[in-house]
Structures are given as C-alpha cells and as structure tokens.
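Enquirer: Just so you know, the protein sequences line up as chains A and B, in that order.
Under this note's numbering, think of the first position of the first sequence as 1, with each following residue one higher.
Under this note's numbering, think of the first position of the second sequence as 257, with each following residue one higher.
In short, the hints are calculated from the structure, not lab data.
For glycine and all other residues, C-beta sits at the position ideal for the given N, C-alpha and C.
Any given hint could turn out to be false.
[Claimed, not checked] Covered, in the sense of this in silico footprint (three residues per stretch, anywhere, with C-beta under 8 Å from a C-beta of chain A), are these stretches of chain B: (1) 292 to 301; (2) 355 to 362; (3) 376 to 384; (4) 395 to 406.
[As the list claims (entries may be wrong)] So these bits of chain B aren't anywhere near chain A, every CB distance computed over 10 Å: (5) Val274; (6) Ala275; (7) Pro318; (8) Asp388; (9) Met392; (10) Thr428; (11) Leu438.
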Amino acid sequence: MKLGIDEYAHLGSPLHRWDSRFKFIGLMALIFAFSFVQDLRMLPAVVVVTCTIYIISGLPGSFMMTRLRYPSFFLLVVVLLLPFLSGHTIVMSIGPLDLRQEGLVAVLLIATRFLSILTIGLVLFGTAPFLTTIKAMRALGLPAILTDMAFLSFRYLGEIGGDLQRMETSMRLRGFHERRFSRHGFAILAWLGGSILVRSYERSEWVYKAMIMRGYGQATRPRDEFHASSYDITVLCVALVLASGFVAGDMLLGHG
Amino acid sequence: MHIPDGFLPATVCAAGYVAAVPVTWYSLRKINQRQNPREDIPKASVLTAAFFVVSWIHIPVPPASVHLVLNGLLGAVLGYFAFPAILIGLFFQAVMFQHGGLTTLGVNALLMGLPAFLSYYIFRIRNVLRKDSKVMTGIFGFLAGFVGLGVSVALFVVILLNFIPADFDIATERTAIYTLALAHLPLMVIEGVFTALVTVFLQRVRPKLLDSV
Numbered sequence: 001m002k003l004g005i006d007e008y009a010h011l012g013s014p015l016h017r018w019d020s021r022f023k024f025i026g027l028m029a030l031i032f033a034f035s036f037v038q039d040l041r042m043l044p045a046v047v048v049v050t051c052t053i054y055i056i057s058g059l060p061g062s063f064m065m066t067r068l069r070y071p072s073f074f075l076l077v078v079v080l081l082l083p084f085l086s087g088h089t090i091v092m093s094i095g096p097l098d099l100r101q102e103g104l105v106a107v108l109l110i111a112t113r114f115l116s117i118l119t120i121g122l123v124l125f126g127t128a129p130f131l132t133t134i135k136a137m138r139a140l141g142l143p144a145i146l147t148d149m150a151f152l153s154f155r156y157l158g159e160i161g162g163d164l165q166r167m168e169t170s171m172r173l174r175g176f177h178e179r180r181f182s183r184h185g186f187a188i189l190a191w192l193g194g195s196i197l198v199r200s201y202e203r204s205e206w207v208y209k210a211m212i213m214r215g216y217g218q219a220t221r222p223r224d225e226f227h228a229s230s231y232d233i234t235v236l237c238v239a240l241v242l243a244s245g246f247v248a249g250d251m252l253l254g255h256g
Numbered sequence: 257m258h259i260p261d262g263f264l265p266a267t268v269c270a271a272g273y274v275a276a277v278p279v280t281w282y283s284l285r286k287i288n289q290r291q292n293p294r295e296d297i298p299k300a301s302v303l304t305a306a307f308f309v310v311s312w313i314h315i316p317v318p319p320a321s322v323h324l325v326l327n328g329l330l331g332a333v334l335g336y337f338a339f340p341a342i343l344i345g346l347f348f349q350a351v352m353f354q355h356g357g358l359t360t361l362g363v364n365a366l367l368m369g370l371p372a373f374l375s376y377y378i379f380r381i382r383n384v385l386r387k388d389s390k391v392m393t394g395i396f397g398f399l400a401g402f403v404g405l406g407v408s409v410a411l412f413v414v415i416l417l418n419f420i421p422a423d424f425d426i427a428t429e430r431t432a433i434y435t436l437a438l439a440h441l442p443l444m445v446i447e448g449v450f451t452a453l454v455t456v457f458l459q460r461v462r463p464k465l466l467d468s469v
C-alpha cells in the first residue's frame, strides 16, 4: 500500500533544500496566519503567496489535484449550503431559495483559507521525506513517546492496510457482498476489524522483541541530523515576516 | 466528522492546541507511570495503525456506505494511549489524506479524544462487574461506542455552530442541530453495535488484548 505524500521529496527546489525544522516553523506560522485572516481584502495576497510558494516548491500540479479529490467534497457542501442559510441580506432569489450576501462572503473566506492552508500543508510535507519531518518535529521538542508512536504507526500503516486489502479480496472471492447490508454481513465486517486488531497485536509482540534485540530503550547519544545554514535562517525570516504581515494587515483593516 | 482547515478562526484553533496540551501531558504521565511503558509503546503504536486501517472498512448503509470513527473502541482497548493514538491518527489523516486539518488538529483531537477517555471509563465498569461475561462485554462495548461517537457529535455541532464565520439565525441553528443529531443517531447505534461485536470477538479470540495496554 502506497501512502505517497512524500513521493516528490527527491526534487531539488529551494524549498526541498530548506532545513526541515525551519521549514516546519516557517510554514506552520504561515498556515496559522492564513487562518487568522478575516478580511476579504487580504484574500488576493493569500492566494498570491500560496501560488508562489507552490510554484517555487516544484511540486507538479497533478500532485495537488489528486490530493484535492477528497477534501473538495467538504468544500462543495459549504458552497452549496452556506449562501442559502447564513445571513439576512438577500442578493438574489432562486425559486424558493434566497441567496444571501453574508453567506457568500463566508464561503469565499472559508474556501480561500481552506485551499491555501491545504496547499501550504502539501508543500510542508511533500518537499521532505515524511520521516525527516517527524524527526524535525522531535528536534523541535515533540515528546519522545509521541514521535516513537508516530514512527512506528507510520511504519506499519502500509503493511496493515495491505492486510486489510488482502482479507477483503479473499472475502469477496468467497462470495461476500460488502455493498448489501445484512445483520450477518455487518457481524462479518466487525470480525474483519477484530481480526486486523488481533493480527496487529501479534505483530506488535514480534516488533517489540525485534526492537529490544536492536537496543531499543538503551540510552543513545542523540545524533545531530540537522545543520542550519544562513540560507535556512533567511528563508525562515521571510516566512515569519510574511506571516506577521498577514496578521498585522488583517488587524489594520479592522479585524482580529 | 473532522473540522477542516479554514473553517475556524485562528484563536479557536490556537485554543484547541492549548487545551490539547494538558490532556496529552496527562495521558503521557499516566503511560509513564505504567510498569513497563517501553513495552507498551510498540504495541500501542501498531494498534494505532491498525485502528486507522479498521476505520477504512466500508459499512454499507444503503444507498451509500459509511466509515466508522471508532473513538469509543479506541478508548476501550487502548485506555490512556487512546488520546496520543487519536492525535497521531488525525495528524496522519490531515497530512496524507487532507482529511481534517493542521490548524484544527488540537480541536479535532479534543473532539475525538475526550469522548474516548469517557468510553475507556465506561468500558472499565465491566471489570468491576463480571469481566469474563460476554454479555457484559457486549453491553459495555456498545455503550463505549455509542457514547464515544455521541459526545463527539455533540462537541462537533457546538463548536461548528458557534465558531464558523457565518451568521445563522436561531431557527436555522436549531434545525441544523436537530438534523445533525437525527442524522447521527443511526450512526451512533451502528458504532455501538460494531464496538460491541469487536470487543466480544476480542474477548473470545484474544482476551489479553482487552487488558493489554
């Protein structure tokens, strides 16, 4: 099973070369600054900065489009509902439905923030191997238990996902119709879930023993994997100035 | 049922992170107090991945199909590991599937994780009564799943209606609450029954798993 968020991590763009710790701080600051924006006049700047960062990252447009497939469903629900449900100022009537100004404004704000944050998130996690980003988070002070759990969960996600695919295929080959609802079918799906948990638990016992054999839990000297250069610090400063600019701009325009 | 990026103002997102920190700290403290926390971490991690995968199973609810949330089952099986597991699961979902969000990670973790704690305590009542009884396991498994999702839905509705940047009138808000509650009621029953069936299955096949972490 391929999860593929970092399939373009090998490219050599300026953002790929940026130290993962600094990239995490800089782009997360930008993401939070985008969510701070409440004034419509700030949205063009949000879009321009987002597009520029994505272009600089060198990630292909198809990568973005495939990643948009699932979240676009939520966006569609918001676009279809909010303009008719939110606000009082009626702009236009379509049959029995009233299109409201406040709802349209809310849709524009939510959709722009949503797409911009999603794009920056893709750049953050798509321009470095996923495990390197987790290591960077550990270097920034994320508790060891959380990073250990994240490493191990990520390591076994693909394998357990493969187990599920194989078990579902063999169930279908034996005549199980997963699209039809029945009490018996529901119980079989629950047992499938239970079997995945039991298999994983058994696997976890082997994993623990293998880890102990390799010295898991022994005190080790932390390896300094990240080396910041003046380039990393400069790019971080640019990202932080941009993020502060969005917050200050929104406050100056009367929000925040 | 996760809140995506861009829907909540930055202050609420930041408050979500701030509130998630003490809950995470409390969970990690409880984990570190265990007899052998080092042994439990690989088990909890592999089970976290397994729960994530189990939530991909399509449950047919004609004319469509649904995915289960499983926070009740997570609470019942993983105990204090449930909150970190949910945090990691939501992080993976946001990063790999763009489901949920990075800014809303704290809020979503609280939405799913606090009810998981509640489910854990509900499921533990079974230990006080008759631990080996399959009926008791089924009943408390159902309650853990039902309550876990129910409380998550309630928190989700409250946060979304209060903080989404839209101006709803009282009648619309009330209709939205009733609609969401009614729409989720069958899902809560499905989640409860699924949790009951899985916990009874685990008790029959691998009872150790219900008391492992």
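Enquirer: Now tell me, hint by hint, if it's right for this structure.
Expert: Taking the hints in turn, this is what the structure says about them:
{"no.": "1", "hint": "292 to 301", "result": "holds (count 8)"}
{"no.": "2", "hint": "355 to 362", "result": "holds (count 4)"}
{"no.": "3", "hint": "376 to 384", "result": "violated (count 0)"}
{"no.": "4", "hint": "395 to 406", "result": "violated (count 0)"}
{"no.": "5", "hint": "Val274", "result": "13 Å, holds"}
{"no.": "6", "hint": "Ala275", "result": "16 Å, holds"}
{"no.": "7", "hint": "Pro318", "result": "6 Å, violated"}
{"no.": "8", "hint": "Asp388", "result": "18 Å, holds"}
{"no.": "9", "hint": "Met392", "result": "18 Å, holds"}
{"no.": "10", "hint": "Thr428", "result": "5 Å, violated"}
{"no.": "11", "hint": "Leu438", "result": "17 Å, holds"}
Checked against the numbered hints listed earlier, the structure breaks hints 3, 4, 7 and 10; every other hint is satisfied.
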